[in-house]
Amino acid sequence: MNADVRVGVLASGRGSNFAALLAAASQGTLGARIVCLITDNPNAAAIAVADAAGVPVVVVEPGAGRGKLAAFAEQRMVEVLRGYGVQLVCLAGFMRIVGPVLLAAFPAAILNVHPSLLPSFPGLDAQRQAFEHGVQVTGCTVHFVDAGIDSGPIVMQRPVQVHDEDTAESLAARILAEEHRAFPAAVRLWAEGRLHLHGRRVAHLDAATFSRHHGEA
284 MNADVRVGVL ASGRGSNFAA LLAAASQGTL GARIVCLITD NPNAAAIAVA
334 DAAGVPVVVV EPGAGRGKLA AFAEQRMVEV LRGYGVQLVC LAGFMRIVGP
384 VLLAAFPAAI LNVHPSLLPS FPGLDAQRQA FEHGVQVTGC TVHFVDAGID
434 SGPIVMQRPV QVHDEDTAES LAARILAEEH RAFPAAVRLW AEGRLHLHGR
484 RVAHLDAATF SRHHGEA
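Using the numbering used here, the first residue of the sequence shown is number 284, and each one after it goes up by one.
Since the hints were derived computationally from the structure, they do not count as laboratory data.
Quick list of in silico lysine to aspartate or glutamate cross-link-like pairs, EDC-like style, CA-CA up to 20 Å: (1) K351 / D429; (2) K351 / D323; (3) K351 / E362; (4) K351 / D408.
In this text the structure is predicted, and so the values were computed from the model without any measurement.
I would like the entire structure built from these sequences, with the hints used as guidance.
Next up, the structure:
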């Protein structure tokens, strides 16, 4: 486990997945340390989460319409992330589409968690989409970020059964609990160098394969 891997988090809202990453880091199970939070929202509750954990916060004006980032905003984010020596970027409820500047700066090093079993129900309000569609199983997905919307290679998925008595809200709460487990687990795999991209498929190297891959005893 490489606790020297430096993670930067981008968040726009309440920061519950950010808090889950911080909790895993404090427990020594993340395999990395969180060195900064960037937000596009000066009123984001995630800022208080960062302050409580002593994590530096930078607010970056997005400079574009709803759901987008201006190129200058992305460049500013890259400058901040590089200034903190970030190796892995985690999107924790970041409500902006990542563009070419960030993608080029962190190839295969941006992870997002989404509240559905992708490729089903991408985009906003995925939990309600799944509920209203009448699926019997949904869940969450951690994936690499690419130029599309929730379309990057899938790292990890966790299923959640839909109960007859569920509402969209109760379903969303159970999905969120799985997000809080899946996201730190995926970050740890990345930090340990155990995620390998093969086209759209992501292989998870087990400990023995990882040792052989790196020529270790």
